[in-house]
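Undergrad: Two chains, two frames, some hints: make the complex.
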Amino acid sequence: MTQHTYLYNSKINNVLTNINRVMIGKEEATTLSLVALLAEGHVLLEDVPGVGKTMLVRALAKSLDCDFKRIQFTPDLLPSDVTGVSIYNPKEMEFEFKNGPIFGDIVLADEINRTSPKTQSSLLEAMEEMSVTVDGKTLGLKKPFFVMATQNPIEYEGTYPLPEAQLDRFILKLKMGYPNPTEELEMLNRTSKEHPITTIDAVMSKDELVGVQHMVSDVFVDATVKEYIIQLVTGTRNHRAVYLGVSPRGSIALMKAAKAYAFIQDRDYVIPDDVKYLAPFVLSHRIILNSEAKFEGFTVEQVVQELLDKATIPVRKDYR
Amino acid sequence: MNRLSHNMSLIYQSIIYVCGFFLFWEWLRPLDTITDTGSVPVFVIFTGFCFFLSLLKVKWWISSPLKIAGIIFIIDSLFIPEGLFSPGWFQVLVMHIQFNFEVMLNQDWSQMTPLFRSMLFLVLLWLMSYLLYYWCVVANRIFLFVLLTFIYITVLDTFTSYGANIAIVRTFIVSLLAMGIASFMKEMDKESIKFVGIKKISAWLIPIVAVISFSTVVGFAAPKLTPQWPDPVPFIKSTAENAGFGEGANTVQKVGYGEDDSQLGGSFVQDYSPVFRATVEKKHYWRIESKDFYTGKGWERSTELNYDELYNGEVNSRTFSDTVKTDDYRAYIDLEPDANLPKVVYPYGINAIQGNENVQYLMDRTTGSMEAEGPEVQGVLDEYAIDYSYPSFSLEQLIASSNDDPLEIQSLYLQLPTNLPERVRGLAEEVTNTKKNRYEKVKAIESYFSMNGYQYQTTDVAIPGKDDDYVDQFLFETKIGYCDNFSTSMVVMLRTLDIPARWVKGFSGGQKIDVKNTTIPGEAGLYQISNSNAHSWVEVYFPEVGWVPFEPTKGFNSPVDFYEESSALPEGTETETPTPEEQEQQTEQRQRQAQERLQEEEESKSGMESSNNMTWQWYVIGGLVLIVLVYLYLARYRIASYFLLRKYEKRSGVKVYQQAYHFLLKVLEHKGYKRETGQTLREYAKYIDTNFQSADMSRLTYHYERILYRNEMDSNQWENMTELWKNLIKRSLS
Chain A
1 MTQHTYLYNS KINNVLTNIN RVMIGKEEAT TLSLVALLAE GHVLLEDVPG
51 VGKTMLVRAL AKSLDCDFKR IQFTPDLLPS DVTGVSIYNP KEMEFEFKNG
101 PIFGDIVLAD EINRTSPKTQ SSLLEAMEEM SVTVDGKTLG LKKPFFVMAT
151 QNPIEYEGTY PLPEAQLDRF ILKLKMGYPN PTEELEMLNR TSKEHPITTI
201 DAVMSKDELV GVQHMVSDVF VDATVKEYII QLVTGTRNHR AVYLGVSPRG
251 SIALMKAAKA YAFIQDRDYV IPDDVKYLAP FVLSHRIILN SEAKFEGFTV
301 EQVVQELLDK ATIPVRKDYR
Chain B
1 MNRLSHNMSL IYQSIIYVCG FFLFWEWLRP LDTITDTGSV PVFVIFTGFC
51 FFLSLLKVKW WISSPLKIAG IIFIIDSLFI PEGLFSPGWF QVLVMHIQFN
101 FEVMLNQDWS QMTPLFRSML FLVLLWLMSY LLYYWCVVAN RIFLFVLLTF
151 IYITVLDTFT SYGANIAIVR TFIVSLLAMG IASFMKEMDK ESIKFVGIKK
201 ISAWLIPIVA VISFSTVVGF AAPKLTPQWP DPVPFIKSTA ENAGFGEGAN
251 TVQKVGYGED DSQLGGSFVQ DYSPVFRATV EKKHYWRIES KDFYTGKGWE
301 RSTELNYDEL YNGEVNSRTF SDTVKTDDYR AYIDLEPDAN LPKVVYPYGI
351 NAIQGNENVQ YLMDRTTGSM EAEGPEVQGV LDEYAIDYSY PSFSLEQLIA
401 SSNDDPLEIQ SLYLQLPTNL PERVRGLAEE VTNTKKNRYE KVKAIESYFS
451 MNGYQYQTTD VAIPGKDDDY VDQFLFETKI GYCDNFSTSM VVMLRTLDIP
501 ARWVKGFSGG QKIDVKNTTI PGEAGLYQIS NSNAHSWVEV YFPEVGWVPF
551 EPTKGFNSPV DFYEESSALP EGTETETPTP EEQEQQTEQR QRQAQERLQE
601 EEESKSGMES SNNMTWQWYV IGGLVLIVLV YLYLARYRIA SYFLLRKYEK
651 RSGVKVYQQA YHFLLKVLEH KGYKRETGQT LREYAKYIDT NFQSADMSRL
701 TYHYERILYR NEMDSNQWEN MTELWKNLIK RSLS
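Residue numbers (the numbering used here), protein chains in the order written: chain A, 1 to 320; chain B, 1 to 734.
Only chain B is shown next, with the shape it has when bound in the complex (with noise of 0.2 Å):
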C-alpha cells in the first residue's frame, strides 16, 4: 500500500515535472523571433534530455558526462567542420575559449562568438534543468515559475514582435494543470492521505480537467475589451529620446560611414548590422578618405573630388615614401549587398584593385576616396581583392625627419578656423613644449588624452552650439566623447603647432568571426565588419616619410606599426645627450606597451575607457569575494558540521559529545527549531522527532542524558551516536 502511495505520488510529481519542461519551452519559443538565435530546436531537444535525466534521478557521475557530451555534440555539429576530436577540433575549441574569455574580461559582449555564447547558453539550460526539477519535485512550488512565465510572455508580446496569443493559452493550460496536481499533493501531504485506488484519482482528476476545459473554452472564446491603455511602446521610445542633455538640439544617431561631417558631435547608437567581410592575413583600419577642411563644427573637402581612373586598377599612389620598410599582403573584401557602402575601403598601402570584370574603379588621389563605375549601378561594390604593401614606420626615419613641409602639404593642411579659440594653441603649446622634434610633439598630443580625464563615450556627447568651437568645447569642457572629438581635437591641435595633419575616416579591424580557413593562427582570418566599427584617426605629415597614421582615441591602438632599427639614434639628430631621450622614448613605449596590455587586442567604438578596467576589475574582485563571503556565512553550519564531524570521528569523550550535542540544538535553532525555555532536552526531541518523522533525536537525546544526568559514557555506543548525529545534522541542513 505504501509502497502504491510512494508510486503515484512520484507520478504526480514527474506530470508537474514534465508541465514544468512545457512552461521552459514557452522561454525558449520567442528565441528566433526576438534575437538571432537560430536553431532553437536544438537547444528545446538539449533542454528535453537534461529534463529527461534529472527525471530518471539518475546519478549525477552519469548525467554530467552525459550532458557534457551533449553540449559537444551540439557544439561540434553547429560550428565545427572539424573532426570530432580531431587535433583541428581541439585547436578551434580552444581558440574559442581563449578569445571569448579576452573578450569577457574587457567586457566587449558583443564580441563573443556564436560558438561561445551557445555553449553557455546550453550549460544556462542545464542548470535551468536542476532550477525546476527543484521547484517541481523538491519543493512543490511551482507558482512563482507560473507568474514568471507569464510575466516573461506578456512582456515579450507587448513589447517585441513576438506574438503571444497561442503562447499564452498554453502556458494557461499546463500552469492550470501543473499548480492543480501540485496543490493536490501539498493537500494530500498536510493531511497525511495515502494515495490509493482509482477512485480518489477521478475524484479530484474530473474536476481539475473540468476547470481547466471550462476555463479555457470560456477564456478563449469571451470577447476581450480592447487594450484600455495607449500602446506603451511609442510612449517609452518617445521619452527616451527626449531625454538628452544639451542646447535641445541633441538627436541621436546611429553610428556608421557617412559622407557628411560638417556637423560633428551627439551621441548615437551603436549599430552592429554588418557592412562588410574582410579576408586577411593582418588585422588592420580600411581607409576610405581624408578631409582637410575644419570649419569649427566639422570637416569639409576645401577640394573637389577629382576622379582618376585605374588603370588595371593599380593605384599608383601612396601615401607614405619608398623608404618605409612594408609587407606585401592580399586582402579579401566581401560586401554586404544591404550595407550601401559607397566608396571602397582599402589597407594602407595598397597597390592594386581588382574586382568584377567591366567594373572600373576611380580614385581621388588628394583625400584617397575612391569608387566604383560599371555597367549597373546596383551591385557594382560587391566583392574585390586588394594587393598592398602595408607600412611599418622606423622611429628613428620619424624622429629625424625635418619641418620642410612642401607648400601644396602646408596649404592645404595647416588649415585653422580664424575663429578657434586662443586656448586650444595654448594647451598644444603646453604639451609639447619640451618635446624637441615632430614625431615627439605628434606623440604627445596623441597620447595627452589617455591621461587626462579624457572619456570616450558614445551617449550624451554635445553639439556645439553656435558660438562653440568643436574642438574647443571637447577639450576644455564636456572631455567626453568618441573618435571624432579625438581625432579632430588633435588635429587641430597640431595644426596649431604648424604641423601638417589630416583627419581620416574608415572602419576599424572589426571582429573575427571565422577561423575555418586560416591555416595561420593569430591575426589571419576572416573579419566582420560591421557599422560600429566605423573610425576616424589622425594622419600626420612628415617630410621625407608622408602621412603616418595615428590613434588618439582612448581604448584604440596604433593602426599601424612603429619600429626601432638599432638602440643608437641615427646621425644627424640631436647627439649632445642621447640618454634622455632615449630614456624618454623607452618610458614612452613602456607607458604605451602598458596601455595595449590593459586594453586588449580587441578595439571597437562599445570598448569601455581604459582608465576604468582596472577598477572594473576590482569590482569583479570584490563582488567575487562578496559572494565567497556570502555563501561561506549561509554555508556555515554546512562546514562546520564538516570539521566537526573529523573531530568525532578521531576523538570521543563527554565534552566532545556535548560539543556535538549543542551544535546540533544550534543547526535545529537556525533551520526554525527552537528549543523554548523550560523544555526539556526529551520534550525537544520528541518535538524534533515529530517533525523529521523519525527516533533519532529522542535515541541521541538518551546518550545524552545519560552523560549529563548520569555521569556515564558508553563508549561502546560512541559509533552509534556519531551516526545519529551525522543524519541529524544531515537531515536539518538539508
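Only chain A is shown next, with the shape it has when bound in the complex (with noise of 0.2 Å):
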C-alpha cells in the first residue's frame, strides 16, 4: 500500500468514526454502506421505520461533503417526480428542465417498494445507467452517485415487490437491526440536548472519495481469490434448494464489494476472508428459493452459510 492509498485509507477511517459518532452500535451496517459506496454500487436496506436508516445516510452525506436528496415514495409517486420535469419557462419561451431528486450525490429512496413499478424502474435505471431519460433526452449523472433504497418487510397491502431482475442492481442489501438496551440507552443520552448530526463536519470531499473510488477499482484480487468467488457463486446456482441462483453480476458485484472492503481494511489485495463476509450481504437477495425449500423453511442466507462452510478455501498456489 502507498503512502498515497494510505492517506485515503486513514480518511475512510475517519468518514467511519464520524457516522459512528451519529450511529450507535451500528458499525456493520455503516461500513457495509461504505463498502457499497466505495464500489460505486448501491443499497437495499429492509428494515423497520425508525432504527436510523435516514440518519446514516444523512450523517454518510454530511461526512462526505456531499449532496443529500431524499424520495419518499407513495403509491401517486410518478418517474417525473423522481427525475425530474420540463417545466415551460414564459420568460424564456422554452421548457426548461428542473433536476429531480434523482440529481443528488446520495439519495434515500424510504419505502421504495410502495410505489408503482414504473416509478421504481425510473430509479433503477437511473442506478445502472448512471444517467436519467427525460423527454427523449439523456442526462448523465454526476459521481459520486449512491442510492440506499429501504423498503418495509412487514407490510404488504398495497406494495408492489421489487422483481429480482431489479433487486439485482443493489451490490448488497442489508438489515440495520434494534440497537441492544445499552446502545439505545446511550442514544437517548445522546439526542437528550441536540442531535449528533448536527455536530458532524465533513471530513472528507467529494472529489476526495471519487478519488478512492478510483483507487478501490485498482485493488488487487488474485486468481486464487476470484476462483474462491466462482465457486460461491456457481455454488448457488447449483444448490437444490435454490430456483434461481446469481447471476454474472452478482460475481462481479462480490469481487467489487470485496476490494472495497479491502480497501477499508488497509489492505490493497483481497483475501478470502473478505469475501467470506460479504457474501452473504451481497448473494443473499439474488437468490430465489424453490418452493419446497421455502415449505422446509429453508431460508436463502441459510443456503449462503451452507456454501460458505463447505467451499474450498485456496490455502496454496503452484510454484515452479
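Read the hints as simulated data drawn from the structure, not as lab findings. Treat the hints loosely; a few may be bogus.
[To be verified] Just the calculated beta-carbon pair ranges, DEER-fashion:
1) B/His662 x A/Arg70: 49 to 59 Å
2) A/Thr224 x B/Glu723: 19 to 29 Å
3) B/His670 x A/Ser205: 52 to 62 Å
4) A/Gln302 x B/Lys59: 53 to 63 Å
5) B/His662 x A/Arg249: 30 to 40 Å
6) B/Leu634 x A/His214: 52 to 62 Å
7) B/Asp714 x A/Lys193: 28 to 38 Å
8) B/Gly622 x A/Gln302: 53 to 63 Å
[Claimed, not checked] Looking from chain B toward chain A, a few residues come up when the C-beta cut is under 8 Å (computed):
9) Asn358
10) Lys647
11) Lys655
12) His662
13) Thr677
14) Gly678
15) Gln679
16) Thr680
17) Leu681
18) Glu705
19) Leu708
20) Tyr709
21) Arg710
22) Asn711
Glycine is no exception: its CB is placed at the ideal position from the N, C-alpha and C atoms.
TA: Structure follows, in C-alpha cells:
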C-alpha cells in the first residue's frame, strides 16, 4: 500500500468514526454502506421504520460533503417526481428541465416498494445506467452517485415488491436491526440536548471520494480469490434448494465489494476472508429458493452459509 | 499482581511435587522387607536429592553432573573400598560393568552383582524423579500415580510380608492433599482466575484440610469388616502347585544337594540360598561323591560307604594317574552355617585338607565321599583349606588310551539294569559308530545332546512312571531336562558301549561375589556357591589316565581342561590317515569353541539353552529396531521440523515459505488443531492464537497471505518469519 492510498485510507476511517458518532452500535451497517459506496454500488436496506436508516445516509452524506436527497415513495409518485420534469418557462419561451431528487449525490429512496413499478424502474434505470432519460433526452448523472433504498418487510398490502431482476441492481442488501438496551440508552443520552448529526463536519471532499473509488478499483484480486468467488456463485446455481441462483452480475458485485472492503481494511489486495464476510450481504437477495425449500422453512441465508462452510479456501499455489 | 499469582501457582506446584516425593517414598519403603535391598535410606536420600534438583529447575548441565556425582558417591561408599578415583577404584568399576554386561547378554539376571544392580536402581530413581516432575508439575495430573501407589501398596500387603497398615494411611493423606491442590489449580486455570490475596487461600485450604482430617479420622477409627474373601495367597499357591503335567505324581523339589538319588526327575524351583564360599585361584567344579548303580529310576551305591580316616588330612588318593599334568593350588572354603551340607566339597586333584584342630576327616575311596568328624556335631564343618593339583588332560594321552579296563572297574562301572530298553544301546552305537577310539566315542556322546533338540529346563520335567526308564524317557520321549537327565543318560549310553563310567555329584563353580582381595585379575577371587549351583556330571575311565570328567549338560562347559601336546599324533595310534582324524578333531574343537563363545563363561542351572541364545539376540535386535521405528514415527514431525528449519535458514522464497507454512498446518492438525473446510487462514490463525495465547500465528499468516493473495514477498521479513515459524513449531510440538 503506497503512502498515497494510505492517506486516503485513514480518511475513510475518519468517515467511519464520524458516522459512528451519530449511529450507535451500527458499525457493521456503516461499514457495509461505505463498502457499497466505494464499490460504486447501491444499497438496499430492509428494515422497519425508525431504526436510523435516514440518519445513516444523512451522516454519510454530511461526512463526505455530499448533496443529500430524499425521495419518499408513495403509490401516487410519478417517474417525473424522481427524475425531474420539463417546465415551460414563459419568460424564455421554452421548456426548461428541473432536476429531480435523483440528481443528488446520495439519494435515500424511502419505502421503494410502496410505489408503482413504473416509478421504481425510473429509479433503477438511473442506478444502473448512471443516466436519466426525460422527454427523449438522456442526461448523465454526476459521480459520486449512491442510492440507499429502503423497504419495509412488514407491510404487504398496497406494495409492489421489487422484481428479482431489479433487486440484482443493488450491490448488497443489509438490515439495521434494533439497538441493544445499552446502545439505546446511549442513544437517548446523546440526543437529549441536540441531535449529534448537527455536530459532525465533513472529513472528506466529494472529489476525494471519487478518487478513492478509483483506488478501490485498483485493489488486487488474485486468481485464487477469484476462483473462490466463482466457486461460491456457481454453488448457488447448483444448490438443491435454489430456484434461481446468482447471476454473473452477482460475481462482479461480490468482487467489487470485496475490493472495497479490503481497502477499508487497509489492504490493497483481497483475501478470502473479505469474500466470506461479504457473501451473505451480496448474494442473499440474488437467490430465489424453490417452493419445497420455502415450505421446509429453508432460508436464503442458510443456503449461503452452507456454501461458505463447504467451499474450499484457496491456501496454496503451484509455484514452479 | 501477575507475578504474585505466578509465584503462588509455583508454590502449589511445588507442594504437589513434594507430595509426589512422599508417595514415591512409599514405593521404596517395602524394599528392605520384601527384597534383599540394604541401605534403603541411602536410596531415599538420593531420590530426595533428585526431586530437589528438579524442583529448583536447575539446568540439566548442572543437575546431571550433580546426580552422577551422587551415584558415584553412593556406589563408592557402599561397595568399593578403594580410594575414590584411584586406579584400583576404576579397575573394580570397569570389571563390574564388564562382568554384568556379559551376564545381561546371557540373561543371567541372578548373577548380576549388587554394585551394578544398585547403580541401575539409582539411575531408575533419577528417571522416576523426572517422570514425577512431569506428572506433578508439567501435566498437573497426579491421579494415575496415586492409583498406582495404592495398587502397589495393597498388592504388597496382600501377597508379601510387608504390612501396609500405616503406609496406606500416609498415602491416603498425601494423595488427597496432592489431588486437592491439583484440582484446585486446574479449576483456577480453567476459569483463568489469578491467585490473589490470602483470603482465597484460606477459602479452599480450610475445606481441604477439613475433608482430609475428617476422612482420615473416620477411616482410621471406623470399624472395618473382616476380609470378605478368603486369603488369596494360599489358594493361588495351591493352584500353582497342581498345575504340572505327567502322571499325577509330579512334585516340585527345591534344588540343592541331597543324599538320595534313587528317584530322579521332576521339576524343581531355584533356590539361591548360599551353601559355601570359596576363595580360589581358578574357577572349577566342586566334587562331593560318585554313584555307580543305575536302577532305571535313579542312582544308588552298590557298595557300602567305607570311611578311612585321613592322617593329617592327607588324601593320597587321586581319581587320575600321575602322568596327568597338574597345577598346584590352594582353596579356602567357608561353609554357610545354615546350609547343612554334611559332606566335604573338594576340587579334582585334592592332596590334603586342613580344617579346625580336633576335626578328623574321613573318606570313602570308592565314591570319593568325604565327611568330617569332631568333638561337636554341630559346626564341625565350617571352614577348611584344601591343597590340590588340578588336572588338565592331554588329548593325545586320552586318544592313545587302550580299552584294557581293570576287572574291579569293569565290575562296578559297567552295570546296567536288565530291563534297559534296547533302543538306548542302539542310539549309543549309532552316535559312535564312526568313532574309533574311546575318547572320540565319549566326546561324540557328550556333544550329542547339544545338537539334537534336547532342552535344558528345570520346570515341567517328567518323572519316569512305573514302567519307564529314566534315561529312555529323556532320550526318546521328553528330551527336556536338567543336569541329572543329561549326565545319567551319558553314563548309561557309555556303559552300553562297555565304556566304564560313573555319575558324579557336586556343585558348579558358583558366582564371583567379591574382588576385594584379589591380586590376579581373571578367575581368581571369592566365589559364592548356592543351592542352585548343585550339579551332576560324568566321569569316564581311561585305563592309562584314570577318571576323566565330562560335561554333557547343555549350557555347561567341561569342568577340566584338555590340551594338545603337539600337532602330530603320538606314535602307537592308527597312523594310516592322520589328516582326517586331525580334521575331525579340529572340527570338534572348533565346534566346542563356538559353543563356548555362545555360552559365555558363566554357567549355572538357571542358564538358558544355548540354541535359544541366538534367537534371543535376534529378538532383542528386532525389539530395538521396533522401538527405534516407533520412536521415529512418533517423532516424525519433530525430526522433519528440524530438517526443514535447516533448509529455511539457508533458502528463502515463496515456494519454501509455502512449504513451511503448510508443514506447520500439518503439525497443528497432528496436535488436534484441525482447520475446518471453509475456514480461512486468518480465522484459523485466530483460533490457534487463542489456544496458544499469542499472536504469532496471525502474524505469520499475515505474511503468508501477502505471498499467496498479493504475490508479494518482503524478503526483509524472512528472518522474522523464520523466527515466528520456529516458535510455533516448538510450541505445537511441546
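Undergrad: List in ascending order the numbers of the hints, as given earlier, that are violated by the structure.
TA: 7, 9, 10
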